[in-house]
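Chains X and B supply the protein sequences, listed in that same order. First residue of the first sequence: 1, per this note's numbering; consecutive thereafter. First residue of the second sequence: 1, per this note's numbering; consecutive thereafter.
Derived by calculation from the structure, the hints in this document are not laboratory data. Where hints are given, some of them may not hold.
Stated by the list, open to error - Just the calculated beta-carbon pair ranges, DEER-fashion:
{"id": "1", "chain 1": "X", "residue 1": "V91", "chain 2": "B", "residue 2": "R237", "range": "31 to 39 angstroms"}
{"id": "2", "chain 1": "B", "residue 1": "G232", "chain 2": "X", "residue 2": "R160", "range": "27 to 35 angstroms"}
{"id": "3", "chain 1": "X", "residue 1": "E40", "chain 2": "B", "residue 2": "G219", "range": "36 to 44 angstroms"}
{"id": "4", "chain 1": "B", "residue 1": "E106", "chain 2": "X", "residue 2": "S23", "range": "22 to 30 angstroms"}
{"id": "5", "chain 1": "X", "residue 1": "D66", "chain 2": "B", "residue 2": "A186", "range": "40 to 48 angstroms"}
{"id": "6", "chain 1": "B", "residue 1": "P211", "chain 2": "X", "residue 2": "D66", "range": "43 to 51 angstroms"}
As the list claims (entries may be wrong) - In silico PhoX-like links for lysine-lysine, alpha-carbon gap of 25 angstroms or less:
{"id": "7", "chain 1": "B", "residue 1": "K157", "chain 2": "X", "residue 2": "K88"}
{"id": "8", "chain 1": "X", "residue 1": "K22", "chain 2": "B", "residue 2": "K15"}
{"id": "9", "chain 1": "B", "residue 1": "K15", "chain 2": "X", "residue 2": "K88"}
{"id": "10", "chain 1": "X", "residue 1": "K52", "chain 2": "X", "residue 2": "K88"}
{"id": "11", "chain 1": "X", "residue 1": "K22", "chain 2": "B", "residue 2": "K157"}
{"id": "12", "chain 1": "X", "residue 1": "K50", "chain 2": "X", "residue 2": "K88"}
{"id": "13", "chain 1": "B", "residue 1": "K38", "chain 2": "B", "residue 2": "K15"}
Please read all numbers here as calculations on a predicted model, not as lab measurements. The C-beta atom is built at its ideal place from N, Cα and C for all residues, glycine as well.
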Amino acid sequence: MYEGAVQDLIDELGRLPGVGPKSAQRIAFHLLQADPADVERLAHALTEVKLKVRFCEVCFNVAEADRCRVCLDPRRDLHAICVVEEPKDVVAIERTREFRGRYHVLGGAISPIDGIGPDDLRVRELLTRLGDGTVTEVIIATDPNLEGEATASYLSRMLRDFGLRVTRLASGLPVGGDLEYADEVTLGRAFEGRRLIDV
Amino acid sequence: MPLYRDEAIVLRTQKLGEADRIVTVLTRRLGKVRVVGKGVRRTKSRFGSRLEPGMHIDVQCYEGRSLDTVTQVETLDPWGDAIARDYPSWTAATAVLETCDRLTEEREPALQQYLLLAGAVRSLAGKEHDPNLVLDAYLLRALAVAGWAPSFHDCAKCGAPGPHRGFHVVAGGAVCPGCRPPGSAAPAPETLLLLAALLAGNWVVADDSDPRHRREGSGLTAAFLQWHLERGIRSLRMVER
Ligand SMILES: [Zn+2]
Ligand SMILES: [Zn+2]
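So here's chain X without its partners, still in its complex pose (with noise of 0.2 angstroms):
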């Protein structure tokens, strides 16, 4: 243990994802030792992010605005949305640059084990903005892992009554994987070759 404000750090750090006790002391003491600058940049875009960015209010993406960046645009096709987890993996998508639609952001998957059920993500806000008839197809590019999977089953028993083109990316992504480390290449193939649920 060490004194307040370093402890504190260190208690802080360790609270993120994927960082444990020993790289919270690293990152912890590679601060203390930085550029007062560089450490002031790194706290003013903590607090930044957190006073600009938020979530769209029509997809959850990440948004600087009510809306994201791919909501605003209007060369966006309106007719197709592509259902993600998290905001991180419409990066991952847009990179293969295939899709020209929307997206949906879930906000996870289903998760029983860890107690995320269907009300949990936003479910709901999807089937509310199928609503209008505008959509006509809906890719699931949920992570391909079984939780992913499983999450696609349920949505698409979900939008069995919409008359949609319901589709899910492609075998050929890595199952048990996640979306986010999967490379443009094979992300856009898994897109080209999606496969139509039988719903």
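Let chain X serve as the given structure and place chain B with the ligands on it in line with the hints.
Using the frame of chain X, we list chain B with the ligands on its own:
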């Protein structure tokens, strides 16, 4: 032994660091172990798809100071894959896996629990029966193996031969008029027959049962489980009854 190998079923996975996972598995011989799958969330991983909940695997690990690390894994049966494609089967399977995790201790051999688990997961993957029936059969039998066998026929307190109308979870199941504690329930006789069939593995009777009795039976089974396990089974709330 720095290196070990066993047949196993994956109970749950948790993200660890950037691209690893902690994987809890129930092995056939060693009991429950928690192992690290290194880099399994990356796209190039050969292991990722095999270390997912419900997968039946042949796994080799080396013992570390705190956690063991997976060095090799082969799929024996891709049960998890089949289950994830059907939402009701998946929620039932998740409740099965969570219960098994709660009923077993790390590094304590639990062959009976292993065989029960394998039977339930295989059955869910093969869509052999209504997933909720498979779940309830598993829960009742897993509790019985853990030493908490409920009685659905003879009186749970004095052993008086049944059938009895009264039913009390804390007393252990069916209760005769003499032993019947206040606040006992009076489930339909068919419900008790169904539960007895599930506990005994009599699928002819179970498959033929009425949805009304299945629902009542699920309620009683959940109450039993709740009574014996301190904290409830989270996944059970997500099962559509
Ligand atoms: Zn948006
Ligand atoms: Zn009695």
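Okay, the hints, checked on the actual structure:
Checked against the given bound of 31 to 39 angstroms, the beta carbons of X:V91 and B:R237, roughly 33 angstroms apart, stay inside it. Separated by about 31 angstroms at the C-beta atoms, B:G232 and X:R160 satisfy the suggested range of 27 to 35 angstroms. The hint said 36 to 44 angstroms for the Cβ distance between X:E40 and B:G219, and at roughly 60 angstroms that hint is violated. At about 26 angstroms, the beta-carbon gap between B:E106 and X:S23 stays in the expected band of 22 to 30 angstroms.
Judged by the Cβ atoms, the range 40 to 48 angstroms given for X:D66 and B:A186 is violated: they are separated by roughly 57 angstroms. The hinted window of 43 to 51 angstroms between B:P211 and X:D66 holds, with their beta carbons roughly 47 angstroms apart. As the CA atoms of B:K157 and X:K88 are separated by approximately 58 angstroms, the hinted pair breaks the 25 angstroms bound. Among the hinted pairs, X:K22 with B:K15 is consistent with the structure: their alpha-carbon atoms are about 17 angstroms apart, no more than 25 angstroms.
Proposed proximity of B:K15 and X:K88 is supported: the alpha carbons are some 16 angstroms apart, at most 25 angstroms. Straight-line distance between C-alpha atoms of X:K52 and X:K88 comes to about 18 angstroms, which keeps the hinted pair within the 25 angstroms bound. The suggested pairing of X:K22 with B:K157 is violated, with an alpha-carbon distance near 55 angstroms, which exceeds 25 angstroms. Taking the CA atoms of X:K50 and X:K88, the gap is about 17 angstroms. The hint holds against a cut of 25 angstroms.
The suggested pairing of B:K38 with B:K15 holds, with an alpha-carbon distance near 11 angstroms, which does not exceed 25 angstroms.
Checked against the numbered hints listed earlier, the structure breaks hints 3, 5, 7 and 11; every other hint is satisfied.
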